[in-house]
Amino acid sequence: MKLHYGKKLNFQFAVLVLPALAVFTGLLIVPMLLGFYYSLTDWNGMTTGMKFVGLGNYARIFGDKYAGEAWKFTLSFTLWNTVIQNIGAIALAVALDSAIKLKKLFRSIFFVPCLISPVVVGFVWLKIFGNALPALFESFGLKASSAMLFGRGDTVLAGLLIANNWQWIGYWALIYLAALQSIPSDLYEAAKIDGAGKTRTFFGITLPLLAPAVTICVVGITVGSLKVYDLLVSSTSGGPGRASSSIIYYIYDTAISGRQYGYGSALSISLIAALLAVAALQAAALRSREVQM
Amino acid sequence: MKLKNLAIVGFSLLICLSTLAACGGGAQPAATQAPAAAAPTTAPAEQVKLRVLAGQSTTDSGIEDMIDAALAKKHPNIKLEWECVDWGTDFQPKMQVYMQSGLPDIMIGKAQDVSTYGGLGLLADLTGKAYLNEVLEASIPGVTLGGKVLGVTYNALYQGVYYNRKLFTENGWTAPDTIADLQKIIDAANAKGITPFASHMVDTWSIGNVTMQFAVNDVFTKTPDWGDQFRQSKVNFIDSAGYRACYEYNKLIFDNTWKDETFSLEQTSCDARMVQGKAAMKVSGSWSIQNFLDVDESFDFGIFPFPNQSGDSKLLFEPNITFMASAASPSLSAVDNVLDIITGDKALGVQIYDFTKTAPMIKGATPTFPNPSQADIDKYAAQGRIQDVNLGNNQLQWGGFQEENAKDIAEYLQGNISLDDALKASDARRANSKA
Numbered sequence: 071m072k073l074h075y076g077k078k079l080n081f082q083f084a085v086l087v088l089p090a091l092a093v094f095t096g097l098l099i100v101p102m103l104l105g106f107y108y109s110l111t112d113w114n115g116m117t118t119g120m121k122f123v124g125l126g127n128y129a130r131i132f133g134d135k136y137a138g139e140a141w142k143f144t145l146s147f148t149l150w151n152t153v154i155q156n157i158g159a160i161a162l163a164v165a166l167d168s169a170i171k172l173k174k175l176f177r178s179i180f181f182v183p184c185l186i187s188p189v190v191v192g193f194v195w196l197k198i199f200g201n202a203l204p205a206l207f208e209s210f211g212l213k214a215s216s217a218m219l220f221g222r223g224d225t226v227l228a229g230l231l232i233a234n235n236w237q238w239i240g241y242w243a244l245i246y247l248a249a250l251q252s253i254p255s256d257l258y259e260a261a262k263i264d265g266a267g268k269t270r271t272f273f274g275i276t277l278p279l280l281a282p283a284v285t286i287c288v289v290g291i292t293v294g295s296l297k298v299y300d301l302l303v304s305s306t307s308g309g310p311g312r313a314s315s316s317i318i319y320y321i322y323d324t325a326i327s328g329r330q331y332g333y334g335s336a337l338s339i340s341l342i343a344a345l346l347a348v349a350a351l352q353a354a355a356l357r358s359r360e361v362q363m
Numbered sequence: 068m069k070l071k072n073l074a075i076v077g078f079s080l081l082i083c084l085s086t087l088a089a090c091g092g093g094a095q096p097a098a099t100q101a102p103a104a105a106a107p108t109t110a111p112a113e114q115v116k117l118r119v120l121a122g123q124s125t126t127d128s129g130i131e132d133m134i135d136a137a138l139a140k141k142h143p144n145i146k147l148e149w150e151c152v153d154w155g156t157d158f159q160p161k162m163q164v165y166m167q168s169g170l171p172d173i174m175i176g177k178a179q180d181v182s183t184y185g186g187l188g189l190l191a192d193l194t195g196k197a198y199l200n201e202v203l204e205a206s207i208p209g210v211t212l213g214g215k216v217l218g219v220t221y222n223a224l225y226q227g228v229y230y231n232r233k234l235f236t237e238n239g240w241t242a243p244d245t246i247a248d249l250q251k252i253i254d255a256a257n258a259k260g261i262t263p264f265a266s267h268m269v270d271t272w273s274i275g276n277v278t279m280q281f282a283v284n285d286v287f288t289k290t291p292d293w294g295d296q297f298r299q300s301k302v303n304f305i306d307s308a309g310y311r312a313c314y315e316y317n318k319l320i321f322d323n324t325w326k327d328e329t330f331s332l333e334q335t336s337c338d339a340r341m342v343q344g345k346a347a348m349k350v351s352g353s354w355s356i357q358n359f360l361d362v363d364e365s366f367d368f369g370i371f372p373f374p375n376q377s378g379d380s381k382l383l384f385e386p387n388i389t390f391m392a393s394a395a396s397p398s399l400s401a402v403d404n405v406l407d408i409i410t411g412d413k414a415l416g417v418q419i420y421d422f423t424k425t426a427p428m429i430k431g432a433t434p435t436f437p438n439p440s441q442a443d444i445d446k447y448a449a450q451g452r453i454q455d456v457n458l459g460n461n462q463l464q465w466g467g468f469q470e471e472n473a474k475d476i477a478e479y480l481q482g483n484i485s486l487d488d489a490l491k492a493s494d495a496r497r498a499n500s501k502a
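Chains as they are written, first to last, in the numbering used here: chain A, 71 to 363; chain B, 68 to 502.
There is no bait here: all hints are sound.
If we take Cβ atoms under 7 Å as the criterion, some of the chain A residues that face chain B in the derived model are:
no. : residue
1   : G115
2   : G221
3   : G223
4   : S307
5   : R312
Subject to a maximum C-alpha distance of 25 Å in a straight line, what follows is the list of computed BS3-like cross-link-like pairs (lysine-lysine):
no. : chain 1 : residue 1 : chain 2 : residue 2
6   : B       : K491      : B       : K301
7   : A       : K142      : B       : K491
8   : A       : K135      : B       : K501
The hints are simulated quantities; they were obtained by calculation from the structure and are not laboratory data. Idealized CB from N, CA, C, for every residue including glycine.
Based on the sequences and whatever the hints tell you, model everything.
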């Protein structure tokens, strides 16, 4: 029996898709469903027994002040990070796109930190804020403890922002740089002929044409910041106290160290919902401002 | 278009959800206990690879090479595949994963892990093994559960207040027995411009550790089943005079240390300052000795128990490196061979004790490293003033309970919450307290 051409094609497609579908189902869909199931139980991650608690774990999130504090820190970190990193990266990209000398060298230097593991970055900055800078401050007759940003609840966020931006600004700057270099030079020439100054040119031409890159960078930085964890592990361990405990850090502590896997799963799902909502909102808002060439 | 967006969102959701479920999978049923052999078996004729998960303290990194070398001499056909992790942060998570996917043949943790994992039927019964004769009898009860010996304790850490002997001698200070005595030393040190306590509170574990030190002497030696009573709601942190005092001792230390810096200063820097004479005392454990002697091998220090309310506090010891075998290991005979070497090779023992600067729990292996605090340890031992810290650790879970309490104490020290709030927070996590 001969198969109809369309059916034959569909069969071929199905055969081609099948291996990927099997892997996807086995490694993604099944664990996902199990994860959701665990969020409905009181499983501690160790014993064979677990009790079904329905949506109890989700209800508990609303009364959990530590989860609230973790969210507060995470959102502050994300907000500041997104603003500082984008502005800093654009500024850096514009500088690297200009006629400065040694710009290839600078580009490499700015990019290097993002190749380092955030765990190492955290440890390096712990040493910088804990030892190097205080010694430097002392040598200038300043109070050494003023440099210890990780040591106080009211300065730890600033310290972490410095460490995080030091690592990632160069990476995002390269994305902006690529976008800058794709802007046709005749637009700038036309603007120059029309008498536009540098500021007017930047806000009238450069920034609108950077909008697609802005979308990528803002969403990337936001989602990355919402998931901050490894930087904290080696620098502040979520402290002092819980002052720098991010939501991921709290989830890990709760689910794994605290042996509350069920509740940790519920927290994870709430985080995923938040990540998706933020990404969707940002993408929708930013795409409407993108300029097509 | 809507369908496309829905598909994209749905796909993203799947990927994200799967990430959190990656550690899932069916819980492994409790393994059956392996029958104990009366004597060690002969060495395997074929090449055997044993997986080892080593949950290490700060002192332990490097002992794996020493064990490998000793093993290679006597059993070249047994190879150990090491996975070394930090006990405090990574051992339990790793164990949780391996409980799903299959435990390593040998696990190295602390004696308190025996009750955690032995209670789940995961550990092999070592009762009656000949190599247990090489272990100090005093360590056996700590690794015995339900009448079965489930671990081999290799060394012990002492915990208490390490003091700079030179400073103490110069100022005529002696080991205090009461808080009032300690306060006099603190006042005298402050008057002379000496920081009374070295501390590194950036490491939350150090707050948790010292709090348990205080609690053993002020709470658990008075009420040995305090943790069990706590779970039955018969006692609480908020109305426990003993625990209130323990939390307040943290404040005493915080008020008398480099308080602007302690939440930024990690252990090695802190220990270096202690050696340099910048502080008179440090509530710590034997893990600091390695740092002390690395900075200055002639540093002279002693140890005394942190005083309690009743003036009868004891020096604490913690059974540390503890070998456990998986009940489901297909190579239990080879595991026995390894434990034979570990307990029987005294040269290896001396090498490890000298390296870790810890006290032996194996017979006939006396460390040769100079330990200036040994005289003090011997003195308290002679007076019967030695207490196993696992009296408390076996009742109150570390991660999720003691560690969370330590974060509350840090918040209290930073002035973000009151002492009562910190105590109430400990009560609020009663359900997660079981070790």
